[in-house]
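Chemist: Sequences listed follow chains A and B, in order.
For the first sequence, this note's numbering begins at 1 and goes up steadily by one.
For the second sequence, this note's numbering begins at 416 and goes up steadily by one.
Since the hints were derived computationally from the structure, they do not count as laboratory data.
Glycine is no exception: its CB is placed at the ideal position from the N, C-alpha and C atoms.
Misleading hints may appear alongside valid ones.
[As the list claims (entries may be wrong)] Pair ranges (Cβ atoms, derived): (1) ARG516/B x ASN28/A: 41 to 51 Å; (2) LYS813/B x GLU351/A: 37 to 47 Å; (3) TRP514/B x GLU100/A: 23 to 33 Å; (4) GLU487/B x VAL95/A: 21 to 31 Å; (5) ASN346/A x GLU509/B: 20 to 30 Å; (6) TRP514/B x ARG74/A: 47 to 57 Å; (7) GLU326/A x ARG461/B: 19 to 29 Å; (8) ALA492/B x GLY104/A: 39 to 49 Å.
[Stated by the list, open to error] Here are the computed lysine-lysine pairs in the PhoX-like style, where the Cα-Cα straight-line distance is at most 20 Å: (9) LYS191/A x LYS606/B; (10) LYS524/B x LYS398/A; (11) LYS813/B x LYS109/A; (12) LYS648/B x LYS660/B; (13) LYS282/A x LYS245/A.
[Stated by the list, open to error] Anything over 10 Å on all C-beta distances counts as not near chain B; from chain A, calculated: (14) ASN58; (15) GLN62; (16) LEU192.
There are 2 protein chains.
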Amino acid sequence: MTDLQQMGQRAVAAKTALQALSPQEKGNALRLAAVRLIERQEEILRANAKDMEAARANDMAQGLLDRLRLDEKRIRAMAEGLEQIAALPDPVGEVMEEWERPNGLRIRKIRVPIGVVGIIYEARPNVTADAFGLCFQTANAVILKGGSDALCSNAAIVKVLREALLELQIPEDALQLIEDRDRAVTVAFMKLKEYIDVLIPRGSAGLIQSVVENSTIPVIETGTGNCHVYVDKDADLDMAVSIIKNAKTQRIGVCNACESLVVHSDIREAFLPKLRQALAEKNVELRGDTRVCQILPEAVRATEEDYGTEYLDYILSLKTVDSLEEAIAHINRYNTRHSDCIVTENREAAEQFLREVDAACVYWNASTRFTDGFEFGFGAEIGISTQKLHARGPMGLKELTSYKYAVYGSGQVRP
Amino acid sequence: MTDLQQMGQRAVAAKTALQALSPQEKGNALRLAAVRLIERQEEILRANAKDMEAARANDMAQGLLDRLRLDEKRIRAMAEGLEQIAALPDPVGEVMEEWERPNGLRIRKIRVPIGVVGIIYEARPNVTADAFGLCFQTANAVILKGGSDALCSNAAIVKVLREALLELQIPEDALQLIEDRDRAVTVAFMKLKEYIDVLIPRGSAGLIQSVVENSTIPVIETGTGNCHVYVDKDADLDMAVSIIKNAKTQRIGVCNACESLVVHSDIREAFLPKLRQALAEKNVELRGDTRVCQILPEAVRATEEDYGTEYLDYILSLKTVDSLEEAIAHINRYNTRHSDCIVTENREAAEQFLREVDAACVYWNASTRFTDGFEFGFGAEIGISTQKLHARGPMGLKELTSYKYAVYGSGQVRP
Chain A
1 MTDLQQMGQR AVAAKTALQA LSPQEKGNAL RLAAVRLIER QEEILRANAK DMEAARANDM
61 AQGLLDRLRL DEKRIRAMAE GLEQIAALPD PVGEVMEEWE RPNGLRIRKI RVPIGVVGII
121 YEARPNVTAD AFGLCFQTAN AVILKGGSDA LCSNAAIVKV LREALLELQI PEDALQLIED
181 RDRAVTVAFM KLKEYIDVLI PRGSAGLIQS VVENSTIPVI ETGTGNCHVY VDKDADLDMA
241 VSIIKNAKTQ RIGVCNACES LVVHSDIREA FLPKLRQALA EKNVELRGDT RVCQILPEAV
301 RATEEDYGTE YLDYILSLKT VDSLEEAIAH INRYNTRHSD CIVTENREAA EQFLREVDAA
361 CVYWNASTRF TDGFEFGFGA EIGISTQKLH ARGPMGLKEL TSYKYAVYGS GQVRP
Chain B
416 MTDLQQMGQR AVAAKTALQA LSPQEKGNAL RLAAVRLIER QEEILRANAK DMEAARANDM
476 AQGLLDRLRL DEKRIRAMAE GLEQIAALPD PVGEVMEEWE RPNGLRIRKI RVPIGVVGII
536 YEARPNVTAD AFGLCFQTAN AVILKGGSDA LCSNAAIVKV LREALLELQI PEDALQLIED
596 RDRAVTVAFM KLKEYIDVLI PRGSAGLIQS VVENSTIPVI ETGTGNCHVY VDKDADLDMA
656 VSIIKNAKTQ RIGVCNACES LVVHSDIREA FLPKLRQALA EKNVELRGDT RVCQILPEAV
716 RATEEDYGTE YLDYILSLKT VDSLEEAIAH INRYNTRHSD CIVTENREAA EQFLREVDAA
776 CVYWNASTRF TDGFEFGFGA EIGISTQKLH ARGPMGLKEL TSYKYAVYGS GQVRP
């Protein structure tokens, strides 16, 4: 059985060494790691072939098989990802604020690494390199627990990355992988509070729920997105169609895709037939309330459950409302605090929506698909936070840091 | 039994109304609440007398009785506390950052309330008014669970505060108290994740541990402080004595008091006798390693456990080291990430200490007793965070906020 205590101790030992690295040294290490991933791709692909074979034998679903599969192009993308991270500005060490107190104490708020990050994810080997890159660039040691179905692939990738660190005399324990399929080990990992400062689950709602319930380590919840677009009575209807089509169908399996449409009753007759036409080419199934079904007879009647569902599929729920306030109340009831949009030409309505809808990202006249680290200009992201503590929305390098106060005195004591 | 679901729903309903209040309206409400506390002190003191009587009958320890006791002066202090909070700048609504993307999207990062805050604390009725004031000024609804021994006092205070809100047509559910002594209710409260955005335990290490283990709500850990002072070989020894005397004895029961002294072997012979003399007048018990006991024969031999103990008493553990690195390693092993200090005239040593000691507040030549919201210039504080997520060190009003991204578009969709 995996000795988690020992892994924790090793991570803590590595983090001190990491914090002494210069931005140049970190960048060089990530670039070398990228080179080695390409050079040793045969070895990674062989390991991945084993995982694929076992997964096929276990009748893994087509979508999951696709996520598990590696090829030359995907390994190149991983390597490029590391190079991109190396090119991002290093946030560690930044003096965020500085002030002097009347007693002469100088207080400096300094950005520091979080320390040791734990990441639990599903059978997607590309996350392995990504998560390492983001944690390493912020001088955090990381312990990964990937999906068991990707264990051979992950182990091969981690081996290459650790050996690249070692070539540069950087402690390889900056990156560790839990190579164990036993669920009890995963649960014990969630309780390794003595060594791990934050645990980030990436994956399905079920995975995240399990981490929230079991972890004693502070958790950042990511990823569940029941995102809404509200078409106001003062909307530009063509713009609304274009935004919903993009938010629903540009990529269906992602957390920032639109799952539910809220439409003002005043414009439903003019709007819904336009929308139907735009979504028909993608065969989007519509599930609406009575007033929607009156206009779109082919629509299925939506249940209460529909409004709470993140479909990740070519399905859209539709709800009619009689006011902006009703729209906001509906969205605050069913959303997952991820991303919601209003389409309107009315500035006052938009400002009220942006203020009152409780979500990490609130949009006025733009697709929810922009909730993304790259689209926000942060570069690569470790996930989209849907909680309110620490970080909200796309989490880039800065969100993988904490801070400390350095206080400079000359003998001050408290009277 | 307390209907926690209903309390959660009421808090969520109140939070929306709170977020619509102007800074003036919030200030007025806090000032009115302060007036009412003074006017209705008789009723609060009567309730407190009941708690005190029951506590005495249960043989509550003297120190705890003192924390539980209210009098006119303490009620005045509570009222003044609310007025001070009302005078602090309102952080909600601040545009923290704003930028435009190449596609024309404008992104605004806006400071918003966290939403609903839960606070679990011990039998200290003054925390009731304090916690309400800080949460209210940041437009957060709050649900309090105070120590059962203070239930009558807390209920009386909460009644006065809620009625003050009601006078101003502000939803009284901005402040709710769990009036239940059943521990099962407290545990259920820790799992009210659907409604509560953050849970802050204030009190003993045991209380905090229990919250961390049981809560599914994100927790901010506060308060445990095993704080160190390291006297370097290049220290000004008189300054070191003055800092340790202050940090150890100015107030013993607080989390930023010094519990452990680390001393460089080169100066132990010159320094320890000086220190003994300074601490003798307060009868501080010294517990040291062999090399300390050689110089201070009256010192008790320190055990491994001593170095890990937050005494909150007139006791100091002492450890001799032969280098700065050894001092840092010792502190990182035993501290609680709260506050640690180096006394030295050597800038290089100081910088290394400030960088490598893992604590919320790291001091150079100043007492650890300055880790405090008022001393930092933040005004009142909700606690001192000892974790790295969200907030670290003294938590004032800003630390009771989150943020959201408001994204302004003109029909942008993702290509």
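Chemist: Does each hint fit the structure? Answer for all of them.
Modeler: Tested hints:
1. The hinted window of 41 to 51 Å between ARG516/B and ASN28/A is violated, with their beta carbons roughly 30 Å apart.
2. In this structure, LYS813/B and GLU351/A break the distance hint of 37 to 47 Å, their C-beta atoms being roughly 24 Å apart.
3. Evaluation of the 23 to 33 Å hint for TRP514/B and GLU100/A yields a pass: the beta carbon distance comes to about 30 Å.
4. Between GLU487/B and VAL95/A the C-beta distance comes to about 46 Å, which lies outside the given range of 21 to 31 Å.
5. Separated by about 25 Å at the C-beta atoms, ASN346/A and GLU509/B satisfy the suggested range of 20 to 30 Å.
6. Evaluation of the 47 to 57 Å hint for TRP514/B and ARG74/A yields a failure: the beta carbon distance comes to about 32 Å.
7. Restraint check, GLU326/A to ARG461/B: a C-beta distance of roughly 47 Å breaks the suggested window 19 to 29 Å.
8. For the pair ALA492/B and GLY104/A, the supplied restraint of 39 to 49 Å is violated, since their beta-carbon distance comes to about 28 Å.
9. For the given pair, LYS191/A sits about 17 Å from LYS606/B by alpha-carbon distance, which is consistent with the 20 Å threshold.
10. Restraint check for LYS524/B and LYS398/A: satisfied, since their Cα atoms lie roughly 14 Å apart, inside the 20 Å limit.
11. Using a Cα cut-off of 20 Å, the hinted pair LYS813/B and LYS109/A holds, with the two alpha carbons roughly 14 Å apart.
12. This hinted pair checks out: LYS648/B and LYS660/B have alpha carbons roughly 19 Å apart, not beyond 20 Å.
13. For the given pair, LYS282/A sits about 9 Å from LYS245/A by alpha-carbon distance, which is consistent with the 20 Å threshold.
14. Once the 10 Å rule is applied to beta carbons, ASN58/A is consistent with being away from chain B; the minimum gap is 32 Å.
15. For GLN62/A, the condition that its CB be more than 10 Å from all CB atoms of chain B holds, with the nearest at approximately 25 Å.
16. Every beta carbon of chain B lies more than 10 Å from that of LEU192/A, the smallest distance being close to 13 Å; the non-interface claim holds.
Comparing the model with each earlier hint shows violations of hints 1, 2, 4, 6, 7 and 8; every other hint is respected.
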